[in-house]
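*Asks:* Residue numbers (my numbering), protein chains in the order written: chain A, 22 to 120; chain B, 22 to 120.
Incorrect hints may appear among the rest.
Identical copies look the same in the list; a pair holds intra-copy or inter-copy alike.
Unchecked claim - Okay, derived cross-link-like pairs now, BS3-like style, lysine-lysine, Cα gap no bigger than 25 Å in a straight line:
(1) Lys25 with Lys85
(2) Lys106 with Lys26
(3) Lys106 with Lys25
(4) Lys106 with Lys68
(5) Lys106 with Lys93
(6) Lys93 with Lys38
(7) Lys68 with Lys38
(8) Lys85 with Lys106
(9) Lys68 with Lys85
(10) Lys68 with Lys93
Hints listed in this document are in silico derivations from the structure and should not be mistaken for laboratory results.
Number of protein chains: 2
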Amino acid sequence: MSDKKPDWMVEVFITLKPSVLDPQGSTVQQALNSMGYENLTDVRLGKYFQLTFRGSLARPQVEKQVQQMCDKLLANPVIERYEFKVPPDPGSRRVSGRA
Amino acid sequence: MSDKKPDWMVEVFITLKPSVLDPQGSTVQQALNSMGYENLTDVRLGKYFQLTFRGSLARPQVEKQVQQMCDKLLANPVIERYEFKVPPDPGSRRVSGRA
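Generate coordinates for the entire structure from the input sequences, incorporating the hints supplied.
*Replies:* Here you go:
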């Protein structure tokens with residue numbers, strides 16, 4: 022139960038199922054197309070959560086809790102799907118989003 | 022200009038700057054804490070875009086256009102920052118979000 026352990030940094034990605042229309046994404050696409058980006062053929066908009074957990078948790082506990090959170094609150098299972106990334110160790114920097 | 026080339030699948034992550042308050046994230050955190058997830062110490066909410074470009078573009082063009090799109094439209098540079106990932110080849114599946 023040491024509080025000295027670095028925290029877990031978890032990333033969650035919520036996206037609309039492919040069969041679900043994405044009017045927000047379409048609007049962004051149209052705006053970008055009209056700005057001259059004609060080679061952009063699709064835009065889908067989703068949500069991106071960064072969750073921080075106490076480092077005292079074990080990795081399987083973190084994975085289990087994140088999955089429960091997605092099922093219960095973060096995602097709407099009727100129209101959305103989710104994916105998440107738990108780093109191998111607490112304190113690892115999140116790996117997504119590097120340019 | 023072949024239309025046979027697979028498309029580029031680009032991921033863009035928009036997050037609030039660390040100094041900017043995130044009331045939506047705080048609300049989600051409080052909800053999850055009250056559901057019993059007491060080891061969750063922070064939630065930050067961002068946006069996640071999946072952009073599709075024609076495979077006829079070269080990778081540097083794609084990178085340049087995505088960066089321009091972020092600067093001009095997708096992100097608010099005053100309060101947000103962005104990161105993006107262009108895969109090494111068109112047609113590569115996006116790498117983020119694998120559980």
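*Asks:* Are the hints correct? Go through all of them and say.
*Replies:* Results of checking the hints against the structure:
no. : hint              : result
1   : Lys25 with Lys85  : within (23 Å within a copy, 42 Å between copies)
2   : Lys106 with Lys26 : within (19 Å within a copy, 30 Å between copies)
3   : Lys106 with Lys25 : within (23 Å within a copy, 33 Å between copies)
4   : Lys106 with Lys68 : both (14 Å within a copy, 16 Å between copies)
5   : Lys106 with Lys93 : within (18 Å within a copy, 29 Å between copies)
6   : Lys93 with Lys38  : within (17 Å within a copy, 28 Å between copies)
7   : Lys68 with Lys38  : both (13 Å within a copy, 16 Å between copies)
8   : Lys85 with Lys106 : within (12 Å within a copy, 27 Å between copies)
9   : Lys68 with Lys85  : both (20 Å within a copy, 24 Å between copies)
10  : Lys68 with Lys93  : both (16 Å within a copy, 20 Å between copies)
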